[in-house]
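Chains as they are written, first to last, in this note's numbering: chain A, 12 to 361; chain B, 13 to 408.
Treat the hints loosely; a few may be bogus.
[Said to hold, decoys possible] Across the chosen pairs, the derived CB separations fall in these ranges: (1) B:Met-213 to A:Ala-67: 35 to 45 Å; (2) A:Gln-184 to B:Glu-313: 33 to 43 Å; (3) A:Phe-78 to B:Phe-301: 37 to 47 Å; (4) A:His-347 to B:Ser-311: 33 to 43 Å; (5) B:Thr-372 to A:Ile-124: 50 to 60 Å.
Just so you know, these hints were derived from the structure itself, not from any lab. Note that CB positions come from ideal geometry on N, CA and C, so glycine has one too.
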Amino acid sequence: MTKTIDFDQPLTNEDIEQLYRDGKLPRAGMQFLKQLVQPRDLWGQWADKLSLAVGAILVLAGIVFFFAFNWKDMPGWQKLGLIDLALVGCLLVSLWRGLDDGAGQTLAIGASIFVGVFMAVFGQIYQTGADAYQLFMMWALLILPWVILSKSLAHWTLWLVVAHTFLLVFWVQTVGDGIEIDVPLALLGLLAYGLQSHLASKQPGSWLDHNWFSWIWLFYSLTLTAFLIGAWVFTMRYGFYIPSDPFNGDLRTIAGLIGLALHCAGYYLAFKRFKLLVGAQIWTLISSILVSTIFLILFAEWIFDWGDGGLLFGGLFMAAVVAGIFWGGIKFLDLHQFAPGPAREVSNVE
Amino acid sequence: MLSKEHAITRLNAYGVPFSEQVWMSESKRKDGEFGVFAIIIRVIAGLFILGMMVVAIAGLIALLGLDSRWEHVAGTIGVLATGFAAWKFRTSYKMLEKQYSFKGLMYLSLLLVGKACLLAALFGWFDTGLFRSESGWIVALVFSLITLASLFFYRMYLEAFLAILVSLFLLDVAFGAEMLRVLLPQDYMRVLGRGDEAQIMRIRSAGVLVSTLSVSLLIGMTAVLIAIQNRRYLSSVYFYAVVLFLAYKFLPLDNQVYWSLGSTIDVKLGVDLGMVVVGFCAVSTLYAFLIGGWQKLKSLEHVIVICCIIILAVLGLYGVLFAVALMALGHVRHDRVLWVIGLIYLPIYLFLFYYSLDVTLLIKSYMLLGSGIAILAARFVLLRFFNPLNAEVENA
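Could you put together the complete structure from these sequences and hints?
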């Protein structure tokens, strides 16, 4: 079925982007038309912002490099004083610009970073003997009020990274070197993804409505769950001894099963609950890699143990299986319907 | 105002076949079908399959008892696989939809396996490695010629992107090593990694010259691609491959691969005049191109910008110049990929700059402070005395 279009009407940017999304126009063709419709030969405002950003980055980098050169010769009070100055400076300018302003938000995040830097340097100078996990725990607790007030997903990302690091370091220092810690980490990551996606769907266009946050945390969580499942399968097949594992691998099966459950939960959230294409693509990609890896783990030794013939036929067989797995993943994705995404998420290969 | 009908005429003149029927036809694509995910999953699948096929080929060679002539088996497989896949992409798999089908994925894998086997066979036939050998450049040249021929024979942009990157890398390393050998025949093999400071200094100075020459050639290649794309349709994939390799070349010197040939002791090289000239000329030419011609450079505000470029070039911050140039080019050409490459490249360059051993941290801090202050000062002068923002209507 074709639609009627008035070709005497002016060409717009929306027309060009629609043609590109529909695959009727290659990338270079899209750029060519955009240069005709919207020539950017007067770009003073853009150059003004770029020169401000680049100039500021270079000056800041120069300051960092300068202090890095002089760092070991600086007395403790000077180190802590400078960090305090940077922290207070960031906070004051952030309050002055306001949290609605991009620069204000960036400086608020910078202030949060300087809190952690202060605590690390303090512990280094005074050799307090505190455990590393205590640093991250206090860091997360201290900046939590700012994070809540800032209403910024970038700030929440920083907080989640600090919180996750605290959990990981706490586990390693108090329990040992098991992989079981990946279970709560994956669960927290999925919770972050689910909560943000749910709130964004209730308040579209708000500060919560940014896809990159959900992509990062979904990717992170599914990588952990895939690792848990893969480690479980590997343990069953070959055994997997970790020297300082406090449970001697006894909990690995449970961790693997929980990982599988979380992976399935990820499927439900990405495909059924939120129905967003990119989340589903992430799940499909990681699952395809996971299934291929499991297949390799289970059958590689058996196939390749047949000597040279095993190498030949095993290699061909595995190549075919892997191709089938990835193709199956693509077709599995095609079976589902998703909410239409914004134009910026779609691109051609050329 | 450009009408839709006129746009179609201009597209056809540019080299993109298009018509009213194509415009009005229903799109058969689903969102994301050929998007970034599609590229990533196919590349990962292709690499998995390539790994398995390498194992299979090793098994075949062992089964045939041709271990001592493995290069002939690999070469035969390479020629057959590449030839067959290339013929398929030229004849029945030209369209993106077919290339992204299951068979398209198979032919892509066949192409990757074929080219990998060809490359391995070339190393075997010439009995050479890439580093520390006298014939590595032959392998690099032959593979690059195969890549060039492929670009004209068929269109498979995903594979073309990888092939161009590999070819550029091979050429850079092989010719870099060869040129070093020509420039330093007595010192080179004898003192590699073990010489005194003067000898190492000579080697690194020669290395800087080689690096400058290769960067100049790459910049020339980039300029040619931009010029062609301005007049005629050419896939952006080729341009992105060259730009990414150029980004690698602009990284601080001691991160270049062929420095693995020698020691990385801290030697002071001073200002590299060649790179200063090349950097200044390239960025100034680009700036003139972006503002609409050399004649516009006569006005004072553009002279101020050129002074900033000179300062950055003299201070040796080529990576910063490159990142800014990419962002400017991406903005003017509505090319978000270029803009993102420039945006990501700047912090990566600064990060590696921190760890490079060519100059001390103190000197680096002065370089960065000086260039940052120069840019901010130029911005202040331009806004205060020329006020370009009020003199224009912003289109973007």
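Each hint tested on the structure:
Between Met-213 (chain B) and Ala-67 (chain A) the beta carbons are some 36 Å apart, a value that agrees with the proposed interval 35 to 45 Å. At about 59 Å, the CB distance of Gln-184 (chain A) to Glu-313 (chain B) disagrees with the hint of 33 to 43 Å. A hinted range of 37 to 47 Å holds for the C-beta pair Phe-78 (chain A) and Phe-301 (chain B), which are about 39 Å apart. For the pair His-347 (chain A) and Ser-311 (chain B), the supplied restraint of 33 to 43 Å is violated, since their beta-carbon distance comes to about 57 Å.
Hint check: Thr-372 (chain B) to Ile-124 (chain A), Cβ distance near 26 Å, so the stated range 50 to 60 Å is violated.
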